[in-house]
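Take a look at the letters that make up each chain.
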Amino acid sequence: MATMEMDDPKMGHKVHWEPKDLLSGLTLKQILFSNDYRHIALKGIFTAFIMLALGGTFAIIFRTELAVPDVQLLGARVYMTLMSLHGMVMVFGFLIPLVVSISYYMLPKILGTERLLWAGAAQASYWILIVAAVLLVIGRPDFTWTAYAPMSLRTGNPSIWMGYVAIILVAVSEFLAGAVLFRNALASKGGLKNTPLMAWAAGTIGLLFMISVFPLGFVGFGLLSDWAQWTQVAFFDPSRGGSIQFFLYVFWTYGHPAVYLPFVPAIAIIYTIMPRFLGRPMWSYWSGVVAFVLLALGAMPIGPHHFQPVYTVSGDYQRFVQILTMLVFIPSVLHVFNWISSLFMGPIPDSARRAIPFKFMVFSIAFIVYGGATAFLNAQIAPDSDFIHNTYWIPAHFHAMFFGFSGQMAFAGVYFLFPYFTGRMYNQSLGNWHFWLWQIGLFIKITGMGIAGYLYFPRWVYDYLDIPGWASSQMAITIGGYMVGLGFLFFLVNIFWSAKHGKEVTGDPWPVIHDLKAAPAAAPAE
Amino acid sequence: MLKFFGIVGLAGVALTTYLVTYGVGPEMQLPPEVSLLEGFREEGAMPEERNLEEDHRAEDAGVFEVPAEDEKYLDAALEAMGDMGMGDMDMSDAADTAMAGAEMAAGTAEAVLDMDMDGDGVMDMSNPAADGSGMAAADDTAMAGMDMAGTESTDMAAADGAAAMDGMAMSPSNAAMMGEGGLLITDDGAFDREIELTMTEWGFSDMEIDVKMGERIKFTVKNGGQIPHEFMFMSMPLMAAANYRATRADWNLLEHEALFEQALVLPGGEFQFVLQVQQAGSWMFMCMLPYHMQMGMMGQMATEGMAADMAM
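As they're listed, the protein sequences go chains A and B.
In terms of the working numbering, the first sequence is residues 1 to 526.
In terms of the working numbering, the second sequence is residues 1 to 312.
Worth flagging that the hints you see were computed from the coordinates, not collected in a lab.
Every residue, glycine too, gets a C-beta built ideally from N, C-alpha and C.
Take these hints with a grain of salt, some might be off.
[Stated by the list, open to error] No more than 25 Å apart at the CA atoms, straight line, and that leaves these computed lysine to aspartate or glutamate pairs for DMTMM-like:
#1 B:212 to B:188
#2 B:222 to A:316
#3 B:3 to A:70
#4 A:189 to A:18
#5 B:3 to A:316
#6 B:212 to B:201
#7 B:3 to A:21
#8 A:193 to A:114
#9 A:109 to A:8
#10 A:503 to A:18
#11 B:3 to A:18
#12 B:218 to B:206
#13 A:359 to A:515
#14 B:222 to B:208
#15 B:222 to B:261
[Claimed, not checked] Covered stretches of chain A, going by a simulated chain B footprint (3 or more residues, C-beta under 8 Å):
#16 55-67
#17 191-197
[Stated by the list, open to error] One-sided and incomplete, this derived list gives chain B residues near chain A with beta-carbon spacing under 10 Å:
#18 21
#19 186
#20 190
#21 213
#22 214
#23 227
Based on the sequences and whatever the hints tell you, model everything.
Set out below in structure tokens:
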């Protein structure tokens with residue numbers, strides 16, 4: 001039901017289609033193997049929630065362990081395993097698949113193709129990732145998600161090879177997902193001037209996916225080869241002539257673009273649903289396009305800022321990396337100002353104010369500003385190498401970005417899509433509980449991490465001394481983590497209950513109403 | 001569909017959580033006591049000729065043992081810290097703590113350096129001991145026996161903005177100053193020849209230095225690079241021990257036992273010393289900042305015929 005207005009790129013190619021119950025009445029075969037884009041996307045979304053539950057359970061367990069100093073619930077290796085799996089499951093299993101699945105759902109609608117091109121590749125990508133996840137939890141890596149050699153080669157765990165294979169499979173899966181996103185972005189008929197911003201995002205990030213996963217695959221292969229000692233050649237194991245520096249450069253050539261893999265599709269969700277809720281166009285189309293392209297270009301060469309304090313990056317090269325890193329602020333800030341300008345350009349409709357996805361969106365913008373402010377410090381060599389590196393400041397930064405922004409934005413997307421794929425509205429008060437528990441919990445958690453980092457609390461420690469400020473900030477982080485977990489339970493109850501008993505929606509579930517008191521009858525269903 | 005994912009999710013999360021925590025068994029809860037490679041070798045999965053033969057010589061030589069004195073100093077230092085307010089040192093129990101402070105301060109040169117960045121970019125370093133606290137006593141003690149401080153570079157407040165190095169307390173582990181390890185190093189004196197050594201990223205201007213026995217050489221070591229570097233001499237046996245440690249997963253930067261060390265030479269800075277070769281042998285010199293050695297800042301000084309093969 002495209003109209004002239006809806007084809008305006010500044011309107012995010014306003015998405016609307018008829019709400020419909022897609023969930024019930026599916027056979028097992030359809031659930032698992034259907035190539036319908038909505039089925040693939042929903043399968044990806046629900047699997048991502050399972051991964052979130054898994055990673056969240058791990059986090060809750062080791063958070064409990066860390067809450068009080070000098071009290072042990074787990075062995076040190078189990079702690080490190082949970083910590084590593086938390087990172088890997090959340091990034092590779094939850095965040096990236098969730099935003100990619102939402103893109104699978106929205107792209108065909110926005111572009112009007114009504115089918116996902118290369119759906120088979122998307123299907124393969126999903127199943128490869130499932131295999132990778134299973135191998136990963138059997139392999140039980142305990143060397144954190146960065147898998148630094150030689151630490152990752154000396155775990156003493158005989159099944160760790162499955163972890164290395166999982167890394168390769170993740171690379172294959174992400175390559176396929178990137179190819180699908182890129183192919184579907186190319187399906188846009190709009191040309192340069194009229195392509196939806198979500199398609200721009202999918203195109204740039206799909207390209208970045210496809211290029212950047214090769215180093216990751218090589219890391220997995222190199223670790224496997226070094227561990228199994230197939231040949232005399234060692235890539236990363238220093239005791240056999242391999243190079244740790246080589247590992248660092250290879251890994252972070254993937255690792256920094258990997259940060260953008262969930263980030264950019266989450267930005268695309270904002271560009272799609274914000275004009276929809278505000279009922280007016282985005283402030284600027286071209287600043288969004290330019291920012292997407294600049295982000296993709298800037299992602300690859302700045303990986304070394306992740307390890308500059310270990311003195312393998314130096315002199316002019318270090319400065320070059322720092323300057324490039326700080327240049328990446330420009331596209332990020334272009335995005336943020338675009339959103340803020342759009343919000344401030346006119347009144348915010350009452351209907352948007354009470355819509356859960358809109359609230360999540362506004363607060364995720366707040367969290368990207370929070371995370372971006374910490375990024376400004378991280379990017380600079382001096383504070384990074386002297387104060388910040390390997391302290392809790394870094395988790396504070398990336399939890400604000402990954403969870404505060406990308407994760408919450410993905411949830412905004414899910415809440416937005418919910419009436420479309422169930423034909424029913426979610427429960428408003430459960431949604432509010434979820435929303436406020438997450439905002440308060442996340443803020444406590446991230447700020448607690450920031451304070452702990454300010455007090456030099458090191459990352460990856462299993463127990464710690466009762467130094468002033470350490471125990472209290474850890475306790476705060478744990479409480480914040482519990483609140484986030486509780487909020488997720490509210491969300492689960494909400495979708496399970498509302499999918500059956502929510503108020504039925506016909507027509508547009510997100511009408512723009514400026515004064516709800518004047519027109520209560522037209523209020524969005526809830 | 002929701003029901004399917006709900007059941008799969010609940011079962012999957014519960015099973016996985018159990019498997020990675022309590023399901024792994026007690027033997028996986030703690031770090032392994034025996035190297036994984038030992039097991040491989042027993043199973044015949046790894047050929048005998050592969051390297052990684054455990055070399056216990058270094059361990060037997062006590063490389064990993066914490067010297068009893070270190071424990072003593074650490075205890076004294078912690079006690080002193082307990083007495084401290086936030087940064088204000090209460091020196092009621094002077095002597096012990098002062099001694100401990102001496103060792104600790106000298107051991108980590110950075111700890112006692114107070115850096116003042118002037119407007120002209122000249123880095124000015126001085127011992128903060130001047131405030132008359134226990135640290136002053138500590139420093140005096142450290143300096144008493146071996147006054148390596150205050151070499152010619154003291155007045156190098158270079159107008160071109162290069163950072164000047166003040167003379168600084170040498171580590172007490174400068175064993176070569178006592179003539180150990182076949183090298184006798186003094187801060188000045190007569191010399192037979194001069195060697196200028198420039199440190200850059202990543203290497204020294206002269207990576208292979210040939211010396212004769214009994215020769216006295218004046219070294220001028222200059223940092224020609226863009227970042228700080230450090231300089232030290234190590235004897236070959238100690239180098240072998242460090243090299244062995246680096247192959248271990250639990251390797252950590254232990255307190256090294258250099259024959260001579262100069263901490264933190266800023267870009268443009270330089271220092272000098274006179275070295276006498278007392279016996280035939282070979283010695284390594286390198287930058288001891290993390291990874292600088294691995295990046296190539298590692299050279300060898302040897303008498304004739306004693307040079308070790310560096311491409312190992």
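Verification of the hints:
{"no.": "1", "hint": "B:212 to B:188", "verdict": "holds (19 Å)"}
{"no.": "2", "hint": "B:222 to A:316", "verdict": "holds (19 Å)"}
{"no.": "3", "hint": "B:3 to A:70", "verdict": "violated (42 Å)"}
{"no.": "4", "hint": "A:189 to A:18", "verdict": "holds (23 Å)"}
{"no.": "5", "hint": "B:3 to A:316", "verdict": "violated (57 Å)"}
{"no.": "6", "hint": "B:212 to B:201", "verdict": "violated (29 Å)"}
{"no.": "7", "hint": "B:3 to A:21", "verdict": "holds (14 Å)"}
{"no.": "8", "hint": "A:193 to A:114", "verdict": "holds (22 Å)"}
{"no.": "9", "hint": "A:109 to A:8", "verdict": "holds (15 Å)"}
{"no.": "10", "hint": "A:503 to A:18", "verdict": "holds (15 Å)"}
{"no.": "11", "hint": "B:3 to A:18", "verdict": "holds (24 Å)"}
{"no.": "12", "hint": "B:218 to B:206", "verdict": "holds (14 Å)"}
{"no.": "13", "hint": "A:359 to A:515", "verdict": "holds (18 Å)"}
{"no.": "14", "hint": "B:222 to B:208", "verdict": "holds (17 Å)"}
{"no.": "15", "hint": "B:222 to B:261", "verdict": "holds (14 Å)"}
{"no.": "16", "hint": "55-67", "verdict": "holds (count 3)"}
{"no.": "17", "hint": "191-197", "verdict": "violated (count 0)"}
{"no.": "18", "hint": "21", "verdict": "holds (6 Å)"}
{"no.": "19", "hint": "186", "verdict": "violated (31 Å)"}
{"no.": "20", "hint": "190", "verdict": "violated (38 Å)"}
{"no.": "21", "hint": "213", "verdict": "violated (34 Å)"}
{"no.": "22", "hint": "214", "verdict": "violated (37 Å)"}
{"no.": "23", "hint": "227", "verdict": "holds (5 Å)"}
Hints 3, 5, 6, 17, 19, 20, 21, 22 from the list above are not met by this structure, while the remaining hints are.
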